[in-house]
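Enquirer: The sequence shown begins at 1 in full-length UniProt numbering and counts up one residue at a time.
These are calculated hints, taken from the structure and not from any lab test. We put the CB at the ideal spot given by N, CA and C, even for glycine. One thing to keep in mind: the hints can contain errors.
Stated by the list, open to error - Simulated restraints, written as ranges between beta carbons of each label pair:
#1 Arg550 with Leu667: 25 to 31 Å
#2 Thr302 with Ser546: 50 to 56 Å
#3 Gly323 with Leu243: 33 to 39 Å
#4 Ala202 with Leu106: 27 to 33 Å
Claimed, not checked - Result set (DSBU-like, lysine-lysine): computed pairs, CA atoms no more than 30 Å apart in a straight line:
#5 Lys685 with Lys640
#6 Lys682 with Lys558
#7 Lys697 with Lys744
#8 Lys640 with Lys697
#9 Lys686 with Lys640
#10 Lys745 with Lys559
#11 Lys697 with Lys681
#12 Lys559 with Lys681
#13 Lys538 with Lys660
#14 Lys69 with Lys35
#15 Lys697 with Lys715
#16 Lys538 with Lys558
#17 Lys727 with Lys745
#18 Lys744 with Lys685
#19 Lys715 with Lys559
#20 Lys660 with Lys640
#21 Lys354 with Lys387
#22 Lys652 with Lys572
#23 Lys727 with Lys697
#24 Lys360 with Lys376
#25 Lys559 with Lys697
#26 Lys558 with Lys640
#27 Lys727 with Lys572
#28 Lys686 with Lys697
#29 Lys572 with Lys387
#30 Lys744 with Lys681
#31 Lys376 with Lys257
#32 Lys727 with Lys682
#33 Lys652 with Lys744
#34 Lys35 with Lys52
#35 Lys293 with Lys224
#36 Lys287 with Lys360
#37 Lys354 with Lys559
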Amino acid sequence: MDAELLQLQRLFEAAQQAKASVRLSERNVVELVTKLQDLGLLPPLLHTVTGKEYLTQEQLRYEMELEIKRLGRLSLIDLANTIGVDLFYCEKQAESIISACPNLMLVQGEIISTSYWDAVAEEINESLQETGQVSLAELAARLSVGSDTLTAMLGPRMGNLIQGKLEGGQLYTQVYVARLRAMIRGAVRGLMVPTNLATVWACLQQQLLEVEGNSGCSAIGEGKLFQSSFNGLLKEGAFSGSLRAGGSVWTPAVFEKAQHEGVEAFYSQNSYISYDMLRKLAITQPKQFLQGKYPDGIALETVFMHSSFISMVDAAVEEAIDGGGWLDCVSLVPSSFSLADVARLVSFCPYIQKAGKEAKLITVAETCIVSTSFLKVLLEKLELEVKDLVSLSAEKKSDVRFVPSEATDVTLKGNISQGKSGKRKGGSVASSKSTTSEAGEDDYTVGKGSKGKKRGGKSKSGNQSTVALSNRGGKGNSEKASSREEDTISEDFLATRILELFPELEGAGMGDDGVGTLSKSVAAHLRPSLLSIWETAKQASFSAASEDRRHRADALQKKTDEEYASFQLFAKALDLFHNDHVTLTALHRHLLRTTASELVDVILQTQELERRLENGEISEESLIRRTEPLNGSERLFLAKGFDGALTTKCVKMVEVLEGKAVEEFELALQDVADECGLRLKKLDKKAERALLSTYRKELVSQIESESDPVTLLPKVVALLFTQVYNKALQAPGRTIGSAITHLKKMISEDAYAVLVEYQSATVALLSMLSTSTPGVSPVSSFFLVLDSVLEMFAL
Numbered sequence: 001m002d003a004e005l006l007q008l009q010r011l012f013e014a015a016q017q018a019k020a021s022v023r024l025s026e027r028n029v030v031e032l033v034t035k036l037q038d039l040g041l042l043p044p045l046l047h048t049v050t051g052k053e054y055l056t057q058e059q060l061r062y063e064m065e066l067e068i069k070r071l072g073r074l075s076l077i078d079l080a081n082t083i084g085v086d087l088f089y090c091e092k093q094a095e096s097i098i099s100a101c102p103n104l105m106l107v108q109g110e111i112i113s114t115s116y117w118d119a120v121a122e123e124i125n126e127s128l129q130e131t132g133q134v135s136l137a138e139l140a141a142r143l144s145v146g147s148d149t150l151t152a153m154l155g156p157r158m159g160n161l162i163q164g165k166l167e168g169g170q171l172y173t174q175v176y177v178a179r180l181r182a183m184i185r186g187a188v189r190g191l192m193v194p195t196n197l198a199t200v201w202a203c204l205q206q207q208l209l210e211v212e213g214n215s216g217c218s219a220i221g222e223g224k225l226f227q228s229s230f231n232g233l234l235k236e237g238a239f240s241g242s243l244r245a246g247g248s249v250w251t252p253a254v255f256e257k258a259q260h261e262g263v264e265a266f267y268s269q270n271s272y273i274s275y276d277m278l279r280k281l282a283i284t285q286p287k288q289f290l291q292g293k294y295p296d297g298i299a300l301e302t303v304f305m306h307s308s309f310i311s312m313v314d315a316a317v318e319e320a321i322d323g324g325g326w327l328d329c330v331s332l333v334p335s336s337f338s339l340a341d342v343a344r345l346v347s348f349c350p351y352i353q354k355a356g357k358e359a360k361l362i363t364v365a366e367t368c369i370v371s372t373s374f375l376k377v378l379l380e381k382l383e384l385e386v387k388d389l390v391s392l393s394a395e396k397k398s399d400v401r402f403v404p405s406e407a408t409d410v411t412l413k414g415n416i417s418q419g420k421s422g423k424r425k426g427g428s429v430a431s432s433k434s435t436t437s438e439a440g441e442d443d444y445t446v447g448k449g450s451k452g453k454k455r456g457g458k459s460k461s462g463n464q465s466t467v468a469l470s471n472r473g474g475k476g477n478s479e480k481a482s483s484r485e486e487d488t489i490s491e492d493f494l495a496t497r498i499l500e501l502f503p504e505l506e507g508a509g510m511g512d513d514g515v516g517t518l519s520k521s522v523a524a525h526l527r528p529s530l531l532s533i534w535e536t537a538k539q540a541s542f543s544a545a546s547e548d549r550r551h552r553a554d555a556l557q558k559k560t561d562e563e564y565a566s567f568q569l570f571a572k573a574l575d576l577f578h579n580d581h582v583t584l585t586a587l588h589r590h591l592l593r594t595t596a597s598e599l600v601d602v603i604l605q606t607q608e609l610e611r612r613l614e615n616g617e618i619s620e621e622s623l624i625r626r627t628e629p630l631n632g633s634e635r636l637f638l639a640k641g642f643d644g645a646l647t648t649k650c651v652k653m654v655e656v657l658e659g660k661a662v663e664e665f666e667l668a669l670q671d672v673a674d675e676c677g678l679r680l681k682k683l684d685k686k687a688e689r690a691l692l693s694t695y696r697k698e699l700v701s702q703i704e705s706e707s708d709p710v711t712l713l714p715k716v717v718a719l720l721f722t723q724v725y726n727k728a729l730q731a732p733g734r735t736i737g738s739a740i741t742h743l744k745k746m747i748s749e750d751a752y753a754v755l756v757e758y759q760s761a762t763v764a765l766l767s768m769l770s771t772s773t774p775g776v777s778p779v780s781s782f783f784l785v786l787d788s789v790l791e792m793f794a795l
């Protein structure tokens, strides 16, 4: 019994002392750890990215230091991936480690120790000693670092761990640099003329490539190595000379010495030197060079001269002026001086400036000095010749006079061959009778004529605000005559006369074109005074001729206004037939061959008369009056006889008369009027009413006195148009039927029937007279109809 109790006591004691075994879930563990951290029983922990492990800050730091010590270079990104900790904690620990250890640095997300750079430097030095040169770009790519970082790390180690020189992104051994310096020293010492250093470096680099058999991998860096080595040698005094053009051109001292000796020798011997000579000596800025070398000299445009030239020229000018003559200063200086140089030299002479202010001399042609006494003598001689020229010109034109009558009534005897043309039956402004008739226009036909295009519309006329005189056959002849008068006293004429009076002036003041300019310059100086004398004498001599020309211009303008007003009056009636193309075409043709032709004749005859009077071909005794109109060939002959643009425009105006469009004629007429200086006045309402009233009265008078029944019909129709439409109609015979048709709705039926019967009787009468066919004569019935027509107008 006791033994069993003891056994149970031992079992119970063993059960109390045994540890319990319980499995906790991950969530319970996380909650437990969090609770312990809240209670302050655990230090701050870092959990991994997976969240299944915890890590202390000390452990993370220990592992990072261990990796840095082992590798010398640690990437924070790789470390974060290996340990499984967020990159933020790795960067934070890296900053702490670097701040505590000065031998470490953070470069582009990597911790690198100085021992690592030392090892890299030793490796680079080994490679450099084997190859002679190494490219930093290749090293940076191999080490996966930036070129700037690599350069910064290698700089303190140059000459210690790395036995070489860093230049232009390349590492070179001292042996290579020494050899290159020797090549540069020999090449530069061999230069005798200014040379571009880039050319020298290219030659040396080519030699290096040929010797070493290199593919050109060092071509980029050697240019800078050449320049730095050259600068070092220059400071050491290895060669003498100077750098120019921004340090790109080397000028040897021997060349500079030759330059200075050449300039000094020429200048001391001649007292001047040209800039071109200095440029040949490779002096790029000759003016600045000479001004610095010779402060007392004077810089001109193309030469540099000594001040002794001023006193020499001044003395020569004073002697010439005191003798009352002239002097060309070009003859006093060497040929190297340009005209601009001589002109500048003249401006420095004190005597010339003083005498110029005292009006003793003038400077002409930039380099020539002329005394005022010489100019006075010359002016007196030329004044006599100018007056003689005016007298001679007046004598030549004294027998040429113009008959002061209306331009349209004056023609030239023997001017052109006479051709067949119709006769004008009246000279009134608004005459109803045709001056020239187109073949077949008096054929009174009831039916329609040939087809034609519509050319209707209101007549257009030019309008100018000023009145210009028509002189000498238009602008062309006016310019020609003006040129003839001005040529007699032009600068060329005066220069020629001056050379005839003083032959020694020929060639003086020689210009760049090889032509002497002194005579022309003196002529230009004297010409204003001579022109004043010329104009005064000419005005007195030709006052009568000017008055005659003014009267002729006024007469032409007056006659043009009258004829153009009549033309516009008849053109306004054409609008009534805009729907009848055949009739409208016939009316256009008839207006161009009657009133328009009269206007053209006025202009052509007057311009031809002016041309012949100007040329001295006719005089007052040779003028005759001509009343018959010109035919087409005569107009064309006159139009082709003018000068310049006038003949082209007149020919076009004459050709348009043979057309069928009034608008084209108005355009051509406006061109001719502009060329001749005429004003085409547009017909206003007041003038139109006055002309229409005159035209109506004249028609009534002509109907009362008309004895030809056939001729009476157009006048009756025209009178009806003035009464019904207030339009002046000038219609040929073939359009009478259409005109009567236009009156149908505007007059009474009886009157219209009478007109139709009258027109039919007229056609029958003309048909009988043309065929001479025997039969019943319609004359008796014709006159009965005529009486009815006269009664209709109470005539």
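Enquirer: Each hint needs a verdict: does it hold in this structure or not?
Expert: A quick look at each hint next to the structure:
no.	hint	in the structure
1	Arg550 with Leu667: 25 to 31 Å	holds, 29 Å
2	Thr302 with Ser546: 50 to 56 Å	holds, 54 Å
3	Gly323 with Leu243: 33 to 39 Å	violated, 58 Å
4	Ala202 with Leu106: 27 to 33 Å	violated, 44 Å
5	Lys685 with Lys640	violated, 37 Å
6	Lys682 with Lys558	holds, 14 Å
7	Lys697 with Lys744	holds, 23 Å
8	Lys640 with Lys697	violated, 40 Å
9	Lys686 with Lys640	violated, 38 Å
10	Lys745 with Lys559	violated, 38 Å
11	Lys697 with Lys681	holds, 24 Å
12	Lys559 with Lys681	holds, 12 Å
13	Lys538 with Lys660	violated, 49 Å
14	Lys69 with Lys35	violated, 37 Å
15	Lys697 with Lys715	holds, 12 Å
16	Lys538 with Lys558	holds, 29 Å
17	Lys727 with Lys745	holds, 16 Å
18	Lys744 with Lys685	holds, 27 Å
19	Lys715 with Lys559	holds, 25 Å
20	Lys660 with Lys640	holds, 22 Å
21	Lys354 with Lys387	violated, 36 Å
22	Lys652 with Lys572	holds, 24 Å
23	Lys727 with Lys697	holds, 14 Å
24	Lys360 with Lys376	holds, 11 Å
25	Lys559 with Lys697	holds, 21 Å
26	Lys558 with Lys640	holds, 25 Å
27	Lys727 with Lys572	holds, 7 Å
28	Lys686 with Lys697	holds, 17 Å
29	Lys572 with Lys387	violated, 57 Å
30	Lys744 with Lys681	violated, 35 Å
31	Lys376 with Lys257	violated, 57 Å
32	Lys727 with Lys682	holds, 17 Å
33	Lys652 with Lys744	violated, 40 Å
34	Lys35 with Lys52	holds, 17 Å
35	Lys293 with Lys224	violated, 36 Å
36	Lys287 with Lys360	violated, 35 Å
37	Lys354 with Lys559	violated, 65 Å
Checked against the numbered hints given earlier, this structure breaks hints 3, 4, 5, 8, 9, 10, 13, 14, 21, 29, 30, 31, 33, 35, 36 and 37; the rest are met.
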